[in-house]
Structure formats: structure tokens, C-alpha cells
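*Asks:* Sequence:
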Amino acid sequence: MKVSSILSIILALVSLFLPACNVQKEEREQKAPGVVATSPQTRAVTITRQYVCQIHSHRHVRIRASAMGYLQAIPLKERQAVKEGDLMFKVLPVPGQSKREIESAEAKHAQRESSYTKKLYEDKEFSQNELLLEAKRAQAQAKAQLAQAELDFATIKAPFDGIVVGLNHAQGSLVQEGDVLATLSDNSVVRVDFHVPEARYLEIMTDLNQHKEDLHIELMLANGKKFEHVGKIVAIEANFNHETGNIRFHAEFPNPDNLLRHGQTASVLISQVVHDAIVIPQQATFELLQKRYVFVIDKGDVVHRHEIVIQNELDDLYVIKSGLSVKDRIVLEGVGQIFDGEKVECEDRTPKTE
50 MKVSSILSII LALVSLFLPA CNVQKEEREQ KAPGVVATSP QTRAVTITRQ
100 YVCQIHSHRH VRIRASAMGY LQAIPLKERQ AVKEGDLMFK VLPVPGQSKR
150 EIESAEAKHA QRESSYTKKL YEDKEFSQNE LLLEAKRAQA QAKAQLAQAE
200 LDFATIKAPF DGIVVGLNHA QGSLVQEGDV LATLSDNSVV RVDFHVPEAR
250 YLEIMTDLNQ HKEDLHIELM LANGKKFEHV GKIVAIEANF NHETGNIRFH
300 AEFPNPDNLL RHGQTASVLI SQVVHDAIVI PQQATFELLQ KRYVFVIDKG
350 DVVHRHEIVI QNELDDLYVI KSGLSVKDRI VLEGVGQIFD GEKVECEDRT
400 PKTE
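Remember, my numbering sits 49 above the position in the sequence shown when you count from 1.
Hints in this document: simulated from the structure, not taken from any laboratory. This structure is a prediction, so every number in the text was calculated from the model and none was measured. Just so you know, even glycine gets a beta-carbon here, dropped at the ideal spot from N, CA and C. Take these hints with a grain of salt, some might be off.
[What the hints assert, rightly or not] In silico lysine-lysine, DSS-like type, Cα no more than 30 Å apart, as pairs: (1) LYS376 - LYS392; (2) LYS340 - LYS281; (3) LYS139 - LYS126.
[Claimed, not checked] Pairwise CB distance ranges, derived in the manner of DEER restraints: (4) ASP350 - ARG92: 25 to 31 Å; (5) ALA219 - THR97: 46 to 52 Å; (6) PHE335 - LYS274: 31 to 37 Å; (7) ARG310 - SER222: 49 to 55 Å; (8) ASP263 - HIS107: 25 to 31 Å; (9) SER222 - THR255: 53 to 59 Å; (10) ASP325 - GLY83: 30 to 36 Å.
Please model the entire structure based on the sequences and the hints provided.
*Replies:* Below is the structure:
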């Protein structure tokens, strides 16, 4: 086939397709796609952020044996609640050790008494008989004090109200000085520690200083339910962790029913009320290359792709940090049917943001 014949066929085919393309273009120009338009709204919203935390007792101490001896009595049980001053353990000191401690204490006391009375006698402040009587009285007091000291060493009482856990020895066991007998936890108030990134830290500090009443501290437990009592931030660490970029916060929660225990994990919920926040329905946005966009409609009803920055996500709304104002018109429905720079027919609608 000659080259001229091939060219003639190609030209013929092109002439057939051109009218079809022109028809489609004309139809598209004649009939603009219809969309539903809306405008961003302003309202007060509650933004909640979640941080993993660990729970600590208000007071959590280990009860140790103050002297070597046998556990004579353990008048309590595991996880028993005790009051300040309640008897927890009674230790019977080893006789040899007890005797040695008493004799050592008496020897030291006699030495001090001898030096003191000698000085008084030399200064002519007491007669010799008075010195003897004073020495006997002092000796009797010393023995009484030693007996009380031995009793105190043998009797261990609760230093505060709390719950006893971790009974490590049975009655009759020989314990050494310093052995841990149990752990006592005061859970009436619990401390919660959690870490906050630097950007969030600045937001929280602003609210603490200016809108403290708008900041709510709650606790989400492991079963997915909220703890019924609200907490408060009581302390913030002095320094940031340069490796993680976080800073540690300390909050306290009342725990009258002792539901929370030392060592539990949970999540702190910090709810912040933002007034006059700009919100839009999530359905008005679309994602492209990991960025979020909306179609903004100009005065000529031409749509333009516009990038937005989202501050927070609510149920079906986005709180806008930047990129939109309440004066803008955006496409609410029909986002997937239009193109950047396309003219559209708009039906305006006020979104339900409540």
C-alpha cells in the first residue's frame, strides 16, 4: 500500500473522532455538575487527648524487720485494710542478741553517768549520798527505757492507713534485720504519671494558666470504662527528656472505694474546651498524598482544591487548625465527581454540626 493511501485513511479516522470530542466538550460546558455547598461553622468543641499512664499509691512503703528474731504474731491477712497504729507484726528478738544489746546499752549509760556525776561532785553541786541516789534512779530509768525499746523493736505497727500486700513470712519464721515483712499501700488518693509531647505541653500550660476551668482530667481504665472521679494536675517535671521529646506530668485522683491499685496501667484523658473553633463535616474533605483537602467555591462557582490542616477529629467533624475561614464556601456533597478548576452548580446547605 502506498504511503499516500495510508495517510488518507488516518486523516479520515481523525475527522470521524474530532466531532465526537467536540460534542463531549460542548455537553460538559453546557451542563455543569451539581454539588451541595456549605460553609465552615464556629462552635465550642471539646477536644480530648489520650495518654498512657501508670498508677501509683499515694504512699507505698515496705515494712521491714527492725531486729533479728522470730515472728511471734501476724494478726493480719493478705490484702487486709489496716488503720494507723494497728499491730502488724510482733517479733520475738533472739535472746542472745537481746541480752547483748541491753548490756551494751547499760555499759554506755554507766559510762556517761559516771563522767557526769563526777563532774557534779567536783563542782560541789551534790553531796556523795545524793549522787548515789541519783545514780540508782538513773539506772532504773535506763533499764525501763531499754525494756520499752526492746518492746518497740518487737512490735511493728502500721505507720498510716492502708492495705497490706505481700506477706513474705509465716508465723514462727526467723527474720533478719531489714527483711521485708510486707508492703503497705495507701490508695485513698492515687498518683498518675504520664508523658506529654512538647507541642501538647504548650497547649496544656496555656489552658492551665488562662482557662483552667476548661480543662478536665479523666481516667480510662483497662476495661474501656471511665473512672468515676475526676483528677487534677499537681506537678510537672522540670526538664524534658531529650531522647523522646516528652515531659512527665503528675496527676492525682481520689480513690475512696480503693478501686485503683498501685502498679495498674490506664489512660489519662485530657479534655480541653476550645471556644469558637472552626469545624467542617468530614465528608467535605478528601486525601491526596497524605494531605487533606477541600474544594473551595469562588464567586464564579468555580471549585479550587485547597489544603487544610486538621487540629482534631470529632465523631463526624474535623476541627480546622488552618486553611479555612467561616467566609469560605466549600463542596459538601459531590466531592468525588468534580475536578480542580471546574465550574459547578451549587445548592447551599447548612451542615448539622451538633
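*Asks:* Are the hints correct? Go through all of them and say.
*Replies:* Verification of the supplied hints:
The suggested pairing of LYS376 with LYS392 holds, with an alpha-carbon distance near 19 Å, which does not exceed 30 Å. Pair hint LYS340 plus LYS281 does not hold up; C-alpha atoms about 36 Å apart against a cutoff of 30 Å. Our distance criterion of 30 Å between C-alpha atoms is met by LYS139 and LYS126, whose separation comes to about 14 Å. At about 27 Å, the beta-carbon gap between ASP350 and ARG92 stays in the expected band of 25 to 31 Å.
The hint said 46 to 52 Å for the Cβ distance between ALA219 and THR97, and at roughly 49 Å that hint holds. For PHE335 and LYS274, the Cβ-Cβ distance of about 36 Å falls inside the hinted range of 31 to 37 Å, so the restraint holds. Against the hinted window of 49 to 55 Å, the Cβ-Cβ separation of ARG310 and SER222 comes to about 26 Å, which falls outside the hint. A C-beta distance of roughly 27 Å is found between ASP263 and HIS107, which places it inside the suggested range of 25 to 31 Å.
SER222 and THR255 have their C-beta atoms about 57 Å apart, which keeps the hinted 53 to 59 Å range intact. Evaluation of the 30 to 36 Å hint for ASP325 and GLY83 yields a pass: the beta carbon distance comes to about 32 Å.
The structure fails to meet hints 2 and 7 from the earlier list, while all remaining hints are met.
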